[in-house]
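Asker: Those sequence lines, one after another, are chains A and B. Taken in order, the first sequence gives residues 70 to 530; the numbers are from this note's numbering. Taken in order, the second sequence gives residues 70 to 530; the numbers are from this note's numbering.
Among these hints, one or two may not hold up.
Since copy identity is lost for identical chains, a pair holds within one copy or between any two.
Taking lysine-lysine pairs in the BS3-like style, the calculated list, with each CA pair at most 30 Å apart, reads [claimed, not checked]:
#	residue 1	residue 2
1	Lys329	Lys149
2	Lys325	Lys199
3	Lys480	Lys235
4	Lys198	Lys516
5	Lys114	Lys517
6	Lys198	Lys474
7	Lys164	Lys88
8	Lys517	Lys394
9	Lys128	Lys499
10	Lys472	Lys149
Since the hints were made in silico from the structure, they are not lab data.
There are 2 protein chains.
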Amino acid sequence: MSKNEIPYKIYLEESEMPKSWYNLRADMKNKPAPLLHPGTHQPLKLEELTPIFCEELAKQELDDTTPYIEIPEEIRNFYKMYRPSPLVRAYCLEKQLGTPAKIYYKFEGNNTSGSHKLNSAIAQAYFAKKQGLKGVTTETGAGQWGTALSMACAYFGLDCQVYMVKVSYEQKPFRREVMRTYGAKVTPSPSDTTNVGRAILKQFPGTTGSLGCAISEAVEAATSQEGYRYVLGSVLSQVLLHQSVIGLETMTALDKYGIKPDMIIGCAGGGSNLGGLIAPFMGRKLRGEADYQIIAVEPASCPSFTRGVYAYDFCDTGHVCPLAKMYTLGSEFIPSANHAGGLRYHGMSTVLSQLYDDKLIEARSVEQTSVFQAAEQFARIEGILPAPESSHAIRVAIDEALKCKETGEEKTIVFGLTGTGYFDLVAYQKYNDGEMNDYIPTDADLKKGIDQIPRFPGNLE
Amino acid sequence: MSKNEIPYKIYLEESEMPKSWYNLRADMKNKPAPLLHPGTHQPLKLEELTPIFCEELAKQELDDTTPYIEIPEEIRNFYKMYRPSPLVRAYCLEKQLGTPAKIYYKFEGNNTSGSHKLNSAIAQAYFAKKQGLKGVTTETGAGQWGTALSMACAYFGLDCQVYMVKVSYEQKPFRREVMRTYGAKVTPSPSDTTNVGRAILKQFPGTTGSLGCAISEAVEAATSQEGYRYVLGSVLSQVLLHQSVIGLETMTALDKYGIKPDMIIGCAGGGSNLGGLIAPFMGRKLRGEADYQIIAVEPASCPSFTRGVYAYDFCDTGHVCPLAKMYTLGSEFIPSANHAGGLRYHGMSTVLSQLYDDKLIEARSVEQTSVFQAAEQFARIEGILPAPESSHAIRVAIDEALKCKETGEEKTIVFGLTGTGYFDLVAYQKYNDGEMNDYIPTDADLKKGIDQIPRFPGNLE
């Protein structure tokens, strides 16, 4: 098919949508390190995970050998309401940049949660429902995950309890209202509904909360109520598994038009989007069928790949969750409050961490104001107001396309546009008013967090 | 094709997208009444319109004989960035309602303006650019139109000046920031930048503004700056012409699957969405090729069709615009401040008004709390958080589907889902908190507005 026939947006037919998720771990020679029990430092067994996670999800978490896992029909039907997502050819951006590069983006923002998070939320809600549970608990920071989970639970008639970091609860009342409209119970964290919340409130009466504290409250709420489990929107391997629909659809769309990407770019916080987008491409790369340059983009203010260490660390500041081996800045690391995006997590998915350590993916860190410059440029020419997180990938895609302009290379660039910025307008306002600035932690800042990573034989010892 | 093969979402191919707009007026036997000069009461001529409107748009405004008007390629390319919009089969809603009816909705919310307004904004910006203008001015209330116009102007590199009703400017800072991100200059109205604004500020120092006042300021700004024209997002026949892409895509999608709708439902404020959605269907109806029940849904708080009069009236409270013959509540009518949706306009498109007077469409008025009940139900089962405006159509679609459940009729219902409610969460919060109530104007309330409609020979005399 000639290049001229490539439409602005490639939509797959329903019949072309993936029927299975792809489990990248099955093709990895160096498997991601297993989760460890925080007390014994031994790999966690299924029966240790099932009191916290739904059984089927715990199985998926531990399964690093099955390459394809069927997507249940109920989930596929829900996917059909907002998927396939379009693979968009950025013709207008290319023209404006004057680049010979071909730029494509997979746009995951066309659903009410505003992001790719719904892909895993609906799967997690389904397995909870199938297990006969009454409900699930979770935490949310920026609110995309909480919104996605609320939508998924409303669909399956599950109770949904969201612990929302207090500062977000107060500063993002609209996110809160979307969740309430979907029937979720949203509690500002720390709260007096849990032991851990009460203890924190006693110790720090004026605290506006943190994601780590909200996780601890959500886990306690799940384990102390009959018929509840805890669910999480990123970092875990099960989440990357569900998010592989992004990559599978992208690959099918590209294959259909005979397009071979040279470069795949995604933003990386906990890794759910990037891990999902690259999964089948990395599979081909690992099997020696193709090669791609894969770039993870993270904020300079929270540089877990580019300035973190690869070690076992706590997933939460409350230290109630398992230890995961990942590129981390330490679970006590908190990026500057000035930082606008949702890419604030101290660690990175174990799958991506292993791939990065094996030099199969590379990483870039970018500064906030240049990210918003790219966001504004993209919004004006491509029409979509991007989320700050997604705009990290836009920044690097534009930079790479401009390099092609210099060299004359006709590279094909694919990036993940994870979501829309409709609920991030406080950050846009700062940018519009010229009040946004960059924050790059000093080596001393980072040392404080890294020093608190647990030491034990084989881990930083 | 069997009914089982109808996908959740019907997306047309780019090659199936309309290449011309459809001008319904060409097929109307009873043409909509012409716009009149407010002083002379004579039909307006092209040369009287072109100082205010772009020349090509003024021509479109007056053209009631050309059935198809080609969509310029530049506009079609822009359409390809966010169109075709999906025609969605509401399988999940049908199942939940237990209705034998088939429900489809044309979803126009998947773009950053959050609504169908972009369809006309890009056309108006294009013709302004083509005429060599520097920029355009407009007013915005809820902000959807202002956002759409900002996006369109950013794309073509036109200056965009938006007069935003002061109360919205202050209460909807996020809408304002989206417009600023697209480079628009947003001024709270009334302002001291125009004579009319200064006069109003002097007379009513504490006023929070009104749409009528913002229109007057925008018109003055357009006519007092070299190289500027005024543009409008609804009511006008040119706007309905551009919005015919909604109906044309819908008809192509339905025809492709051999689906014949029995009933077409749309919300109606100024009429841009309903007029666009029904245009080609009404064409078939007028030409005797098919018949459909067509229902305009309006809020009980602003019932221009169901309780207004058909007469020449001012389009704006400032009385600077032409007189239009329409169903109207009087240009001084202001619906209750409690009213959440954007369907607050006192009048209705001249095209729709004529069709309604000819009994070719019918109208229903619905109350606010029942609209939000429908919105919540729809959001939870179909995933999309709808705009309050769109939810008026959802309310009636659900009511009709439930009637089918009683009678056993397998009617095919198509409704327009004009946009998303992401910027309407103050209203959702009111609903979630149980603080929303209904307001239905008394006959005395309406009489006040209707009494102020101008009287002259042939008009209410």
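Asker: First find the shortest C-alpha distance between Lys114 and Lys517 inside one copy, then the shortest across copies, and answer within, between, both or neither for a cut-off of 30 Å.
Answerer: neither (32 Å within a copy, 75 Å between copies)
Asker: Can you tell me if Lys325 and Lys199 fall within 30 Å by alpha carbon in one copy, between copies, both or neither?
Answerer: neither (35 Å within a copy, 37 Å between copies)
Asker: At most 30 Å between CA atoms: does that hold for Lys128 and Lys499 within a copy, between copies, both, or neither?
Answerer: Neither. Shortest intra-copy (44 Å) and inter-copy (42 Å) distances fail the 30 Å Cα cut-off.
Asker: Go through the copies and call it for Lys329 and Lys149: within, between, both or neither, with a Cα cutoff of 30 Å.
Answerer: Both: 26 Å inside a chain and 23 Å across chains, each within 30 Å.
Asker: One pair to classify: Lys480 and Lys235, alpha carbons no more than 30 Å apart. Within, between, both, or neither?
Answerer: neither (45 Å within a copy, 48 Å between copies)
Asker: Given identical chains, is Lys164 near Lys88, meaning Cα to Cα at most 30 Å, within a copy, between copies, both, or neither?
Answerer: Between copies only: 23 Å across chains, 36 Å inside a chain, cut-off 30 Å.
Asker: Pop the pair Lys198 and Lys516 into one bin, within, between, both or neither, using alpha-carbon distances up to 30 Å.
Answerer: neither (43 Å within a copy, 56 Å between copies)
Asker: What label fits Lys472 with Lys149 when the C-alpha limit is 30 Å: within, between, both, or neither?
Answerer: Close across copies (27 Å), not inside one copy (38 Å); limit 30 Å.
Asker: Is it within a copy, between copies, both, or neither that the alpha carbon of Lys517 lies no farther than 30 Å from that of Lys394?
Answerer: Answer is within; shortest intra-copy Cα gap is 19 Å, inter-copy 72 Å.
Asker: First find the shortest C-alpha distance between Lys198 and Lys474 inside one copy, then the shortest across copies, and answer within, between, both or neither for a cut-off of 30 Å.
Answerer: between (52 Å within a copy, 28 Å between copies)
The structure shown violates the earlier hints numbered 2, 3, 4, 5 and 9.
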